[in-house]
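Q: With chain A held as given, fit chain B onto it using these hints.
Okay, here's what each chain looks like letter by letter:
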Amino acid sequence: MSHNNASDLNKMDVLFVGAGPASLAGAIRLKQLLKAKGRNDSVVVIEKADKIGQHNLSGAVFEADVLEELVPGWQEDKSKFIAGMVKNKVVKDEVVFLLGNKLAIKVPHFIVPSYLKHHGDYLISVSEMVNWLAQIARSLGVEIYNGFVAREVVMEDGVVTGVKLGDKGLDEKGQPQSNYVPGEMLKARVTVLGDGSLGLLSEQLGDKLNLGKNRNPQIQSLGVKEVIRLPQDSKFGHGHVVDTMGFPNKFFTPDIFGGGTFYSMGDNDVAVTINLALDWKYCDLDPHQELQLLKSHPFVAGILNEGKVISYGAKTIPEGGYYSIPELVANGAIIVGDAAGLLSTRKLKGLHYAIKSGMLAAETIAGALEKGDFSAQSLGKYTDLLQHSSVGHDLYGARNYRQLFARARRFAMYLGTLNSFFHGMVRGRMKLKPDFQHTSTAKLARKYCGGIDKLTDVSLSGTTHREDEPSHITILNRASCISCVAKHRAAPCEAFCPGQVYRWDEGGIVLSPSNCLHCQTCRVKCPFQNIGWQLPEGGDGPKYKVM
Amino acid sequence: MNYIVLIKQVPDIKNIPNEAWDWEKGTLKRALLDNTCNELDKQALAFTLNMRKQCPGKVVSLSMGPPMAEEVLRYSLALGVDEAVLLTDRKFAGADTAATSYSLAQTIRKVERDIFGGDRNYVVVCGMQSIDGDTAQCPPQVAEELGMVHIAYASSFSFDGGKLEVKRITRRGGETVMPDSYPCLVTVTEHTEAPNASFAGTRGANSQEIHQWSADDVGADPDLIGLKGSRTNVVKMFSPKDFSKKNCVFEKDLENLVRMVDEAYHHKPVVTAGQEKENYRLPEGKKGDYSGEIWIYAEQEGGEINPASFELLGKATELAGELGEKVGAVLVGKDVKHLSRDLIAYGADRVYLVEHELLEQFRPLPYCKAIVQAIDKYNSQMMLFSATPLGRELAPRVAYQAKSGLTADCTELRIVDFEKGKQEHVGVLRQTRPALGGNVMASIVSTNSQVQMSTVRPGVMVALERDDRREGEVIACPVDLDASGLGVTIVSSEISEHTFDLSSAEVIVSGGRGLRTKANFDKHLSALANSLGRLLEKDVVICGSRVAVESGFTDRSHQVGQTGQTVKPDLYVAVGISGAVQHVTGCQNSRLLLAINNDSNASIFKVADFGVVGNAEEIIPQLISILDRQGGQVSNVS
Numbered sequence: 000m001s002h003n004n005a006s007d008l009n010k011m012d013v014l015f016v017g018a019g020p021a022s023l024a025g026a027i028r029l030k031q032l033l034k035a036k037g038r039n040d041s042v043v044v045i046e047k048a049d050k051i052g053q054h055n056l057s058g059a060v061f062e063a064d065v066l067e068e069l070v071p072g073w074q075e076d077k078s079k080f081i082a083g084m085v086k087n088k089v090v091k092d093e094v095v096f097l098l099g100n101k102l103a104i105k106v107p108h109f110i111v112p113s114y115l116k117h118h119g120d121y122l123i124s125v126s127e128m129v130n131w132l133a134q135i136a137r138s139l140g141v142e143i144y145n146g147f148v149a150r151e152v153v154m155e156d157g158v159v160t161g162v163k164l165g166d167k168g169l170d171e172k173g174q175p176q177s178n179y180v181p182g183e184m185l186k187a188r189v190t191v192l193g194d195g196s197l198g199l200l201s202e203q204l205g206d207k208l209n210l211g212k213n214r215n216p217q218i219q220s221l222g223v224k225e226v227i228r229l230p231q232d233s234k235f236g237h238g239h240v241v242d243t244m245g246f247p248n249k250f251f252t253p254d255i256f257g258g259g260t261f262y263s264m265g266d267n268d269v270a271v272t273i274n275l276a277l278d279w280k281y282c283d284l285d286p287h288q289e290l291q292l293l294k295s296h297p298f299v300a301g302i303l304n305e306g307k308v309i310s311y312g313a314k315t316i317p318e319g320g321y322y323s324i325p326e327l328v329a330n331g332a333i334i335v336g337d338a339a340g341l342l343s344t345r346k347l348k349g350l351h352y353a354i355k356s357g358m359l360a361a362e363t364i365a366g367a368l369e370k371g372d373f374s375a376q377s378l379g380k381y382t383d384l385l386q387h388s389s390v391g392h393d394l395y396g397a398r399n400y401r402q403l404f405a406r407a408r409r410f411a412m413y414l415g416t417l418n419s420f421f422h423g424m425v426r427g428r429m430k431l432k433p434d435f436q437h438t439s440t441a442k443l444a445r446k447y448c449g450g451i452d453k454l455t456d457v458s459l460s461g462t463t464h465r466e467d468e469p470s471h472i473t474i475l476n477r478a479s480c481i482s483c484v485a486k487h488r489a490a491p492c493e494a495f496c497p498g499q500v501y502r503w504d505e506g507g508i509v510l511s512p513s514n515c516l517h518c519q520t521c522r523v524k525c526p527f528q529n530i531g532w533q534l535p536e537g538g539d540g541p542k543y544k545v546m
Numbered sequence: 000m001n002y003i004v005l006i007k008q009v010p011d012i013k014n015i016p017n018e019a020w021d022w023e024k025g026t027l028k029r030a031l032l033d034n035t036c037n038e039l040d041k042q043a044l045a046f047t048l049n050m051r052k053q054c055p056g057k058v059v060s061l062s063m064g065p066p067m068a069e070e071v072l073r074y075s076l077a078l079g080v081d082e083a084v085l086l087t088d089r090k091f092a093g094a095d096t097a098a099t100s101y102s103l104a105q106t107i108r109k110v111e112r113d114i115f116g117g118d119r120n121y122v123v124v125c126g127m128q129s130i131d132g133d134t135a136q137c138p139p140q141v142a143e144e145l146g147m148v149h150i151a152y153a154s155s156f157s158f159d160g161g162k163l164e165v166k167r168i169t170r171r172g173g174e175t176v177m178p179d180s181y182p183c184l185v186t187v188t189e190h191t192e193a194p195n196a197s198f199a200g201t202r203g204a205n206s207q208e209i210h211q212w213s214a215d216d217v218g219a220d221p222d223l224i225g226l227k228g229s230r231t232n233v234v235k236m237f238s239p240k241d242f243s244k245k246n247c248v249f250e251k252d253l254e255n256l257v258r259m260v261d262e263a264y265h266h267k268p269v270v271t272a273g274q275e276k277e278n279y280r281l282p283e284g285k286k287g288d289y290s291g292e293i294w295i296y297a298e299q300e301g302g303e304i305n306p307a308s309f310e311l312l313g314k315a316t317e318l319a320g321e322l323g324e325k326v327g328a329v330l331v332g333k334d335v336k337h338l339s340r341d342l343i344a345y346g347a348d349r350v351y352l353v354e355h356e357l358l359e360q361f362r363p364l365p366y367c368k369a370i371v372q373a374i375d376k377y378n379s380q381m382m383l384f385s386a387t388p389l390g391r392e393l394a395p396r397v398a399y400q401a402k403s404g405l406t407a408d409c410t411e412l413r414i415v416d417f418e419k420g421k422q423e424h425v426g427v428l429r430q431t432r433p434a435l436g437g438n439v440m441a442s443i444v445s446t447n448s449q450v451q452m453s454t455v456r457p458g459v460m461v462a463l464e465r466d467d468r469r470e471g472e473v474i475a476c477p478v479d480l481d482a483s484g485l486g487v488t489i490v491s492s493e494i495s496e497h498t499f500d501l502s503s504a505e506v507i508v509s510g511g512r513g514l515r516t517k518a519n520f521d522k523h524l525s526a527l528a529n530s531l532g533r534l535l536e537k538d539v540v541i542c543g544s545r546v547a548v549e550s551g552f553t554d555r556s557h558q559v560g561q562t563g564q565t566v567k568p569d570l571y572v573a574v575g576i577s578g579a580v581q582h583v584t585g586c587q588n589s590r591l592l593l594a595i596n597n598d599s600n601a602s603i604f605k606v607a608d609f610g611v612v613g614n615a616e617e618i619i620p621q622l623i624s625i626l627d628r629q630g631g632q633v634s635n636v637s
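The listed protein sequences derive, respectively, from chains A and B.
The opening residue of the first sequence carries number 0 in numbering that gives the first Met the number 0; numbering runs sequentially from there.
The opening residue of the second sequence carries number 0 in numbering that gives the first Met the number 0; numbering runs sequentially from there.
Simulated from the structure, these hints should not be mistaken for laboratory data.
The beta-carbon is built from N, C-alpha and C at its ideal position, and this holds for glycine as well.
Watch out, some of these pointers could steer you wrong.
[Stated by the list, open to error] Partial chain A-side listing against chain B, Cβ under 10 angstroms, derived:
| hint | residue |
| --- | --- |
| 1 | LYS34 |
| 2 | ARG38 |
| 3 | LEU164 |
| 4 | VAL545 |
Just chain A, with the same shape it has in the complex (with noise of 0.2 angstroms):
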């Protein structure tokens, strides 16, 4: 460290958080722009994860088109993910309706509504994704580092003015061990929040600048995923996605807003997925025992022929669409992708309005860089592109789809054409509550249907954490658990964690924070409210590969 002191190295022009695609589309597309105006501002992305990837999963059924404008010509790379994409695009999707645990009918395809047409998308892993797009971005000199977790959002003068970095090294108790690295300060001239679904900074942010004033709260779905390895001689194919709804859900009086997906992943792989939306009212509902369920209906149990599960994963979606939007600028900070809850609510898909964000994120700043004006108001050009572009408009035509769910008692969710009908005439905004207030007393009792118990699936998701850090996870009140579980007579975290992270044990709750998948589902569905979930120290959490 011969030339540069260490505050010089804790200061950037331009300060990525979260190495997810909206921040590496930013980045990139940042880069770009830079170079072509013959600068050589610094970007830097840092990524709470151990590797670039590990923390990255989706249902990705992704529509590429946005890709073109990323990377022209992107079919012609010759890395090996994108061959892997190429060969698999789209070219069998299927509706298919679960009637109880035995039937199962496709739907013909004339009457499957546009947004449930995957022609012509790819099937990728977005860890795989992400480790394509660093590449990208650090062959044009955007700095990644892996492994360090911005802790909070630092303000002067109502001004962003970078993050502060977690410490490494306490111990339980919170005291510094012989390793302790105390966290850094991060100074940057404009911040940009990429932080995920129910990103923590995001939503400090959102906290101490009330960005979300008059917008319906964020509402979330939990997606549970496993990649299971096929046998030699199964005859899934390439290219094939089947979108499943009912089952386990009643088929006539559905409850519960979700369904399931089958895609190909690789040469003998397959994603299976449960999309449940966190509004549930089932206090014992387990999103792993029902993705287990899914797989024991004879339909899908013959897709997957006995294959072995080789990855498990978990994330929540930001549902609420654009009227749960906050402010998406603040003096000095923009925040994109699912941490700015940009997701289409129809299709479930928020891969490419990430993307997107990323890019016209990194538009407005390269024009700020050149003005050196880093005001609200000079990225709030953020918001107006956001607003008229693709996203923007396919955002507001569906501004109370989701919220129509909510109130038609989901059945209009075999009537989707007609919902995208009806929400259209709606005008203004349509009330949504919060989660967790859904929960009710009431239980699903679903039996024992074989599968994957949940803590194998767990350890096939890699989650660790050092055991000896101070834990983060937190209950605040233990009182307010015994009276959940005795108002529920059950626990309601024991059944709603994928993780396996709560266990009831007469008279409290035992955690084992080692066991996170970092999806946050505990925060926003805790019936009390009384979970405090906190950022790890970096390199902890998920070792996710084909996710």
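A: Below, chain B alone, put in the same frame as chain A:
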């Protein structure tokens, strides 16, 4: 003082993604594993940087590997290392430990010349072993090539008046040693927490230059590097799963159960790769590739033979019988002649006795000299060491000096004939060992070797019954030694009763959620451990599952499992543990596993050898009374 720290990029076998398994072949796809810095090398880095704080100088980190190994060097720079050297060349491909050690030694010579300007006042530091190869051979062999003293199992250090003193862990406790000269080599075992890099350090390291040196740059002799310079050759990789399939025996009659467990405990099976073992015979009219006696190194410390050496004699007797050769034991020490009788009683035909005043305490340099002298003078074709801490320190040096291949930590040894390429091999020793953290097995043969050498995992081979009527001869082998060749001065040594190390525990009693409360956990497990310990005459260690730790039954250092410690005792008793993968990964290598659980479907029974279904709190007291009765019988007899 200057420093060179050797670090290695290894596959991250703590986090093997499921897709990396090739289930058909039962092996791992190496390319699908993440890479990381070898954990013990992080300790070495911390050790070195702490030394620099007390005795300033330049720190150079050195790694050998493909270009991507640069990543671990960047990490070292981020921590504050001054310069980094990557030794990378396709010519190094296929190198075994001997060829690797030579290449590293050549590089250290160049660092001394070019970076330290010829100043020989430096210390080479490295981790005791790498997690992938797990041989612990490179450090002693690098030291051997460079003629340096090697201080193994270092845990801390001090600079007393500018003089380096290193505290190291020994089998019997610990000792503090001082190198007699510089440069010297120190291998670090457990020193402190793995160091963390700061953001600024990491970013700064990003733009620092790393020296990239090739085989030619370091002046390596092409005959001594890569495949050509190697003295061992991997002939087969296979899955250990073949013979780890378990059929749990459920036994309701606890009396019976105890008898079966006791029997199985004392009868240590030979691990074979599936097929029934047939006695080897040399093919008609053919001569073996090697000839001479079958030797073992008789490990003695403090005037006592390590029982593992008797196990080696058992195996050597079997191999010698197949090849029609005699069994030799090399015994080194001061006034140890009387131990020859034990060796003969356990199967040695000849005892090669090297005695000298200066051999009273174990030091690698003079011990190595004593053994190699005997090897050069007499005719042996094979030499077995126990893979004890001492054996792992000594054998690599002996092998290197005797220009012989060495395979570490073998669990199976067989004489085989085979063809590879166009070459026919007759009557060679096939040495099988676990690799990549026990996830694959590798069969290895020695090539270009004077003697075929192995270290053998203690507890795997079976000793013969002691027979004091057996006869043998004792051959004295005088050795020239003078005090200047000892390498280290032992400043002090201490014998401690208990050095707590779960990984070397022989019997473990472990409890989980089924025990419900801390009071229960303490009461039942300590009583069970006492009774079991008395019966088996072993120290029994009490551990717990993660649930037990989280519930406060026991502390974090006693946690077995994925995020705790990995254990491989002879007997593991799992009480009230359901057997989630997270726990099982930590104990599945136990030789015998007894599970007590009230759920007959609990997954712990899938990996158990013996199972009792029932409430632990009822079963344990019954078990204890039976154990105590039998333990009583044992002590009455003896």
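Q: Decide, hint by hint, whether the structure agrees.
A: We went through each hint and held it up to the structure:
Annotation: interface hint on LYS34 of chain A violated; nearest CB of chain B at approximately 19 angstroms, more than 10 angstroms. Interface restraint check for ARG38 of chain A: the shortest CB-CB distance to chain B comes to about 19 angstroms, outside 10 angstroms, so the restraint is violated. The beta carbon of LEU164 of chain A is positioned within 10 angstroms of a beta carbon in chain B (closest approach about 6 angstroms), and the interface hint is therefore held. Interface hint at VAL545 of chain A: satisfied, since its Cβ lies 6 angstroms from the closest Cβ of chain B, which is below the 10 angstroms cut-off.
Violation of the numbered hints given earlier is confined to hints 1, 2; the remaining hints are satisfied by the structure.
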